[in-house]
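Trainee: First residue of the sequence shown? That's 1 in the UniProt record's numbering, and the numbers climb one at a time after it.
Calculated directly from the structure, the hints in this document are not laboratory data.
Hints are not guaranteed to be accurate.
[What the hints assert, rightly or not] No farther apart than 25 Å at their CA atoms in a straight line, the calculated lysine-lysine pairs in the PhoX-like style are these: (1) 95 to 215; (2) 118 to 180; (3) 96 to 180.
Remember, predicted model here, so these are calculated numbers, not experimental data.
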Amino acid sequence: MLSAALSGSASNLVQSSVLNNGPTPVYPTGTEKNSGETWFEVQNNHFEEFFAPELDKHGYQALYKKRTIEVYTGSSQAIDGCATFFRRDRFSHVKKYEVEFNKAAQSLTDAIIPAAQKKLALTRLIKDNIALIAVLEAKFSNHGTENPGKRQLLCVANTHINIHHDLKDVKLWQVHTLLKGLEKIAVSADIPMLVCGDFNSTPGSTSHGLLARGKVDLLHPDLAVDPLGILRPPSKLSHQLPLVSAYSSFARMAGAGYDFDHQRRRMDPSTNEPLFTNCTRDFTGTIDYIFYTADSLTVESLLELLDEDSLRKDTALPSPVWSSDHIALLAEFRCIPRNRR
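Generate coordinates for the entire structure from the input sequences, incorporating the hints supplied.
Mentor: Right, dumping it as structure tokens:
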């Protein structure tokens, strides 16, 4: 399970982290606590009975969106979802957006799918995936004396995209749907963005390409998997958000006091992404990302990546040492003052 955290401080830092979260919650320690955290795969009753009240004791306000339940049976308490926690003394909650891909699928089907194919289309498109988007206002200023009254907003998106490998069209459609929603928020406000989560998409996939480059390769073989025609024309699969993967910064960092070459060896030079973020018996690869808007945020620091050999001592993840099958990712960002677009 992943969590994404944000923090701002008097020095105008914004921090985003993706942390392993197992049976024991990860609490910030010391004086420099994370200002916010977003998690996914948080079980509904665990959130209500444990995480929300426990983190409330540490000064965090909670937002939660559970996954839609069409594919589930039995107790609703077994449903998981996305959770966002933020420090009340550093951020205030402005707005919450809940993205239910099932509702978007219903609207899409009604709009473009012939009546005779609607049932088949809904069977393919209706999954339980969601995204939670939070707009926060920082209780610190990043605008100095030139614009002292301007609000410092921050938009944080956390998602868990569909896992099925044979539904590449659905993955791409979900990612595109999320990005178009974020574009609307970006148009309405001058706002830095963090887009975090388990995208269940490896570097080189159309979904990763859309996130990282703003468009898809029109000749990509993944586009051949589109039985419903929901990706046509593929030229429409684009966005204008200046998103950059936080961990690609390792490829650009020079050694100044740190062995960056050691970390680069844990990166894929062909993609500038970690060699893996998920390590199980059956799969080792990168599917989790922290993306940020490069025109409004800059990476200050990154958490060291782990090496596969150390994780494989217990065969795979999760293990007695690592409680999640996802490794921890963490990045610290600084807001970039800019003129309103």
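Trainee: It remains to establish, for every hint, whether it holds in the given structure.
Mentor: Hints versus structure:
1. 95 to 215: Violated, because 28 Å separates the two Cα atoms, which is more than 25 Å.
2. 118 to 180: holds, 24 Å
3. 96 to 180: holds, 16 Å
Checked against the numbered hints given earlier, the structure breaks only hint 1 and satisfies all the rest.
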